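Peer 1: Okay, here's what each chain looks like letter by letter:
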Amino acid sequence: MTDMEFTGSTLTAAGPAAPPLLELSGLRTEFATRDGLVRAVDGVDLRIPPGSTVCLVGESGCGKSVTARSILGLVDPPGRVSGGHIWWRPPGDGERVDLAGYGRTDPRFRQIRGQQISMIFQEPLAALSPMYTVGDQLGETLRLHRGLSKAEARDEAIALLRRVHIPRPEQRVDEYSFQLSGGMCQRVMIAVALSCEPALLIADEPTTALDVTIQARILDLIAELQADTGMSVLFITHDLGVVAEIADEVAVMYLGRVVEHGSTEQILTDPRHPYTHRLLRSVPRLGSGRQRVLPTVRGQVPHGARRPAGCSFHPRCDHAIAGVCGTVDPAALDGGDGHEVACLLYDDAHRPAGRTLPLTVVEPAPTPEPAATAVTADRPPLLDVRDLRMLFPVRHGMFGRTTGQVHAVDGVSLTVRPGETLGLVGESGCGKTTLGRCIVRAETPTSGQIQYRDGDGDPVDVTRLSGGALRRYQRDVRTVFQDPFSSLNPRMTLRQIIGDPLVTHGIARGSELTDRVADMLRRVGLSPDYLDRYPHAFSGGQRQRVNIARALILGPKLVVADEAVSALDVSVRAQILNLLRELQDEFQLTYVFISHDLSVVEALCDRVAVMYLGKIVELADTATLFTAPKHPYTEALLSAVPVPEPGRRTRRTRLSDDLPDPVNPPDGCWFHTRCPHAVAGRCDQPASPPALETVAAGHDVACLRHAELHLDGVRADRP
Amino acid sequence: MTTTLLPEDAAPAPEPGPAPADRDRASQWRLVWWRFRGHKLAMAGLVVLSGFYLVALLASFLAPHSTSWFDEDYIYAPPQLPKLVDTSGDDWNWGLFVNGYTMEQDPETLELTHTTDPDTRIELGFFVRGESYSLLGLVDTNVHLFGPKDPDQPVYLLGADHRGRDLLSLIIHGTRVSMTIGLVGVLLAFVLGVVLGGISGYVGGKTDGLIQRVVEFFMSLPTLPLWLGLAAALPRDWGPLQRYFAITVILAIIAWTDLARVVRGRFLSLRTEQFVTAARLDGSTRRRVIFRHMLPSFTSHLVASLTLSIPAMILAETSLSFLGLGLQSPVISWGVLLEQAQNFRAMADAPWLLLPGAAVVLAVLSFNFVGDGLRDAADPYR
Amino acid sequence: MLGFVARRLGLMVPTLFAISLVSFAIIQLPPGDYATTLVSQLEDNGQTVDTAQLEAIRERYGLDQPIVVQYWTWISNIVLHGDFGQSFQWNQPVAELLSSRLPLTIVLTLSTVLFTWIVAFPIGLYSAVRQYSWGDYVATTVGFLGLAIPNFLLALGLMYIALTVFDADVGGLFSAEYEEAPWSLARFADLLGHLWIPVIVLGTAGTAGLIRILRANLLDELHKPYVVAARSRGLSETRILFKYPLRVAVSPFLSTIGWVLPLLVSGEIVVSQVLSLPTTGPLLLRALRSQDMYLAGAIILLVSVLTVVGTLLSDILLARMDPRVRLGMR
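Residue numbers (my numbering), protein chains in the order written: chain A, 8 to 726; chain B, 3 to 384; chain G, 14 to 343.
Only chain A is shown next, with the shape it has when bound in the complex (with noise of 0.2 angstroms):
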């Protein structure tokens, strides 16, 4: 590829089709903080072509968000746009103004926002005021707009809440937002959006904050009306695999510039910038089977106030050229094809001899392991749950009143096997986090047991255990929390959150503690030197290596990791899985690892158990439960994850988004309201949902129609 001419570009050459609809030079945003001022945007260049989608890529902290704000002044204090451009070219009369010179409150702005172009948010509960219902909210924007009456407004707006799916539009337009789930509350955020026929969507996130059965339908109902309406769509994401779900074109930033921009075909299969290279590599690929080592991205996105000099991804970079990168900004270079870099690599006066395009892969293919370790089968569990229930009153109104109960886990049996890891998975609320909680003992299950077998010695009920029999089981069976920064007391220094446990349970004090302390702090990668530091010294990553030390320091058999990495972007998570593989192997650890995201889960665990409504409806091992799922959920969880290689956009199983009531779930199997293959008079009998049922070895399936259903896994369209 060598012999490919990389030109300098030119903005204004966007190509011979349509003059662009938007079209962002040289965007400046920046917010005066007391860190100093930081450029959250940084000369950004981006054309959004009539009727296409296009996605902006990268890890929090790249600017992305800001760069959509700024395209509606919708920047507040002390942030600002500093320079550049914003071309926006309002369909019909086609007289391009720049939205730039507008200042945030400007009365022409209103014209554009909500009319031109919409925005939906990553929060849609928090985007809808709780003191308005969705009606009102939703006819506010035609009346403004449109000058719709009151009455015509409501029509209307029956109407669009219907055009984006809502059951019973009728009746939903009356409730407010907090009535609604997250799903449903983004779709009245796309009505409302959609209320003008805008020409351009700009969707900030709008999918992370829910589950992937709901993010798939919101990407299908996203998809839909830009068909029917033939508008533009800016989609801003962390996640690849929607990237490869939705986008035309696809525009990867770095530290408030973009690094990449080309087609998805060419971002996805043809990296050419070394951030993009790894950003690709360290995402686990659902289909891919249990892998030995993740490839990763050295290091972090550094805060915004301190951009290195020159190319600004330059310290994390493996391919980087001493000497230039720190010190040349790198232009953005056109391979021909409308593929456009940021990279001194591609750049024929900066390139040193010998350096070869494309980049070559450093690190050895990610290899893929034969799943489930066989040495773990014929011994006895380390952990037998047996029937296991949780029960949450719920309580209703000023007073308290106990007006039912949740199932938080409802008659859930597994084993653990000394070793193993064992995944748990389901959508949010199906109870996974309760039972790990159980597990551990942070709470008491209401009924059922759970037995515990350390090496040969007899089995103890976990369920029964108090005082100093609890603290010593709690020694054996640690926990990694999800969230990096609550789980850390912001008062305590590493030494005293590491050590901890070692003076509670009477281990260490004093010099040895220290010692131990800092010897973990080793293991998990970080420098003993930070025994004195605070948490707030530390990234997100770090934080997690020291909730990672706090579970290891007392020698422990099991680890229970409830969505350990899910605060991590993609790059750190890499890191972060990496270490749970290594520490497991060094320390025979077990794990039970708690996660929603089903391409993690795959790469780490050796068997998994799906929960649904607090139930387990299928269990096995993770290459039998991925490849040849015999349960529908299953099924439809696995077709919603999105992969990030283009071309894989199949038809999928989709989900309803109204999830049954918990508190009263369904007669019948509890899935059947929402399952594709439910049968009418079969599913739904009001017997008791049906049982686990062993279909074949170590494969647990609870489904009325597992014997005549054939379902899909992950591996069956794959070529």
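The reader is advised that the hints may include incorrect statements.
Listed below are the simulated DMTMM-like cross-link pairs for lysine to aspartate or glutamate, each with C-alpha atoms no more than 25 angstroms apart in a straight line [stated by the list, open to error]:
no.: 1; chain 1: G; residue 1: 237; chain 2: A; residue 2: 182
no.: 2; chain 1: G; residue 1: 256; chain 2: A; residue 2: 113
no.: 3; chain 1: G; residue 1: 256; chain 2: A; residue 2: 130
Simulated from the structure, these hints should not be mistaken for lab results.
It should be emphasised that the depicted structure is a prediction, and the values quoted were computed from it without experimental measurement.
Since chain A is already given, all that's left is putting chains B and G on it; use the hints.
Peer 2: Structure of chains B and G alone, referenced to chain A:
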């Protein structure tokens, strides 16, 4: 370790402000202080409050006279302006002095009226001899910070009251009671509030419900009538010390409910905090969870709430004493001094009697500023 | 909603009962009773009172009976007959005494609440929207001062200024010539002329508090995602402000009904004393001093009931305003 185990960066994410390395190692209280320091009004308030408490500590030394000193010849004598240079003569005569008084007696009412006389001159000096007192209860001395060089000459920098007492000395002495009554009251309220609020928040369930009902009941009682009723119920023959403590107790009876709610709220929100669960799973006993993990997380908020509830106490004491239901002479507090101004005619003739009010306002303002500053700085991790 | 109100009303009964107990306990607390007060007054005037006379007084007022019986008589008369008992000192039924003073107290209180709202609302709004502007600094400073000045001091200061600058005596609610006059337009005008000082004095602290709360609440709400979302829909700034954040931030105004009413009645005690207003405050003060227990008890009870009712009212209003409360969520 293998090469894949790369930490995300070589050093912790640096933070701005004081040298990053310091910041990384800074404990909660240092972070709170750094943030508090940036709050100019709060710092000013802190300086003023420190001044007040210093005055309270050294009152006998700073005040020219004791609380029992008076001179009936100088009833309602107006304030004198201290001057540095005397130009009444031919030369400029340097030195700190005030003008003396001329007296006139109304032949009908026999009332004395005083006017300052520009011709007389009373020399002021520092570290002059006066009445004896015991400094901090340790040293017996008769040295006062300042006063007339001749102890018999009348000096009333802020004027005199209806008995010919020196208002400046009275205000200085009143600082002791007025500035401590809030502290003691808050301390009592603090004990009640923290214990009950803590139990309520940590134990929860039925206990919480019961305590909450009690709190709600106390909150539905009208404050001032309750205070008045309780204060009126104090036996008249109680000594000043008994009265002082009785009043603080009365003040605390009302104030504890707010604190209890604050503490309860904090406990409730902390209980679900992941690091508290983590501490529990680390094998900490209940006591250790509370005292090592939970309490330090809101002591700063508590200090802020306490500071903000002191002004209400000072104001309440002032109002009670003003109505004659709080402290009473011979105890001197700013409220007791203001009681004299209730006599409207007296106030019209001697408006300087309102000056103790200025001290009240200044103290209350300072507490509010400091409290606001503390509240803003209380959570340095936001 | 109706069920909510009914339950709250049901809960009020035990609270009111407890309050009546406390009120009675307070008026019983001082050592001795009205008879001893009377005796010491008579003795001050040089008369002597023998034991028989003392007992006669006690019997006449029912003071010789056990406390429980006294309480029962007192409360059952109030509840069953609306009879608040007899004031010892004024030798008049308590109800009669109160009815002559309560209307003016209510007028004063309501005027003050109105004043507080009318002043606090625009200033708080301005202060939040134009944060860190000059106007904001002035409002904040005035707010701090308003909270720091004891209201009797404010009353004294205003009176002093009125006296020295305008040479007017502003005490009372009426000029001397209208004091006993029947109601007429002129008397009403005279009332208005006197009312403004107590209204300002009583309203200052409440106004300052409300400004601070409104400002803080609004500042919190102004940066909520739903405000950004509303802006992205093309709504004008004024419309956004008045429709969305203000609706949430306005709840402190509703809660004022709960806490301002009793606060005013309390504050009114001190201020009325200073300004010698013909309201219930000075009455309570005198009653407490002379252990005129039925009068004091009646006033304390009334104010407590006012507090409880005020809280209920503001809760109902809050529930009407805020669907989250109404629908029993959160």
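Peer 1: Which hints from the list above does the structure break, by number from lowest to highest?
Peer 2: none
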